[in-house]
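Use these hints to put chain G onto chain P, whose structure you have.
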Amino acid sequence: MRRVTLDGLADYARALFAACEANADAFPGKSRVELPGLAIEVFSDHGELATALAHGMASSTVANLATPARVFLAHPGIGSIPPPAQWGEALFHPNMFAERLEAVGLRGHYFHDLSYWQFYDVERRLGVQLMLSADGCPPWEFGAPLRCFLHWEYAARGMRLTHAGTLGKGGKGVLLAGAGGAGKSGTVASGLLAGLDSVGDDYVVVEFDGDRSLARPLFTTLKQDQAGFDRLGLARLLPDPGPLNWQGKHQFRVQDICPRGVADQLDIVALLVPRISGAPLSAITPLARKDALMALAPSGIAQMPGERESGFRFFGELTRRLPCYNLALGTRGEEIAETIAAFLDRGRP
Amino acid sequence: MGYSTIYAVANSDIVYETFDGDAVVLDLASGRYFGFSDSGSCVWEALIAQVPPASLVGRPCGDGLLSAADLDAFIARLTEYGLLLPATDAVSTALSPDLAQRLAAAREALKIDMHDELADLVMVDPIHDVDEPAGWPAVKQ
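For the protein sequence lines, the chains are P and G, in the order given.
If you want this note's numbering, it's the position in the first sequence, counting the first as 1, plus 443.
If you want this note's numbering, it's the position in the second sequence, counting the first as 1, plus 18.
These are computed hints drawn from the structure, not numbers from a lab.
Don't take every hint at face value.
Just some of the chain G residues that point at chain P, by a computed CB distance under 10 Å [as the list claims (entries may be wrong)]:
1) 30
2) 38
3) 40
4) 44
5) 49
6) 54
The C-beta atom is built at its ideal place from N, Cα and C for all residues, glycine as well.
Bound conformation, chain P alone (with noise of 0.2 Å):
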């Protein structure tokens, strides 16, 4: 078994991505995803992870169709692909994990309980992401494919994968950021149901284009659990929901209670923090810029490796740019929904 450590890293890298594009003709599955200025072309197996791809990500009209990245799903049952090699050094510092790749242009990742690693080059737009098999990579994954890559891509163009939710209406939209627990979820699926748009309930891209700040959608998947799931009704739209994710979550996507799936673009014009408040109706309050980036940058940036200052920087970017407020939670979805229309009507609380 082959040991990698901090000083053999960026030739490990180099050495899969040479095996990846040597066996490009060997993997079974080669897929095309169009995401808001990025199209990637998948190579893969086939399994619940290219079923993920398949289903999961969001359509894009917007997609740079000239210069596609390239990325392989590889595992040691793909032609020569190797077996995923093992960390060799006592120690595992992320920080200096990220910090050596990025020295040669590289970004990575390694998750040890799965001999899972993950590498891009960012010049040549070119990613691994080699696993035991062809599933075999964290359960997370499933709902949010690729999610390290477009993290890594996109930050390189100055734009930033955003843990928040959204809501829209008229092409002017929210963010809703908060860590889990905090309702995003739960209401951005009220919202889709009472009309309301959205382009994600959990990861969406942020770009600044002038003043404006624009959310685009990267996956149309939803979750919600059995409590959130019941007291939204959900069961008449999803009568056969299928197992529960990983965290114990119905998932299912955006379309399968909102016809018209998620929206292309919207405009953000403030920041929300929800949290469930227990009163019967909501509230929306305004609240410090500190607080508010508080709660949008702490999950974003653990949540995905590397690229961390950059990341601070451009949610502190973000919270500057946008009014921020609370979000008390009423009980009823529909109420819920209804607050938030109307602030988007009047751009104010």
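Just chain G now, kept in the frame of chain P:
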């Protein structure tokens, strides 16, 4: 604390942003976030601008004057958290009129809040787990 000491941000892992006078600091290495009170934000900005503590003591701060004891404790906390270090060969600067005005208008006592809820995620170390019987680190096999 030497009041003539000049301080600087401890290292390049310490990044910060200021919003409407409120500072937020992130330690990229540890994943810990820090939020300051309004007076704490002013003093943080002054110290990293290389204003010596001696020139802050006795300044109007809210309803009173900034005391040496409070400043001493605050700087001790900043250095304990690894955010600030004494700077060698640094040239001192004067407190800007804007910062002096903001300090005088501050309403909260010198304070820094540390948030480390997500530090474990930032610092995910997949090799070592804390193992109470075996001690730390326990290397996964």
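TODO: Report the numbers of all earlier hints that the structure fails to satisfy, in ascending order.
DONE: none
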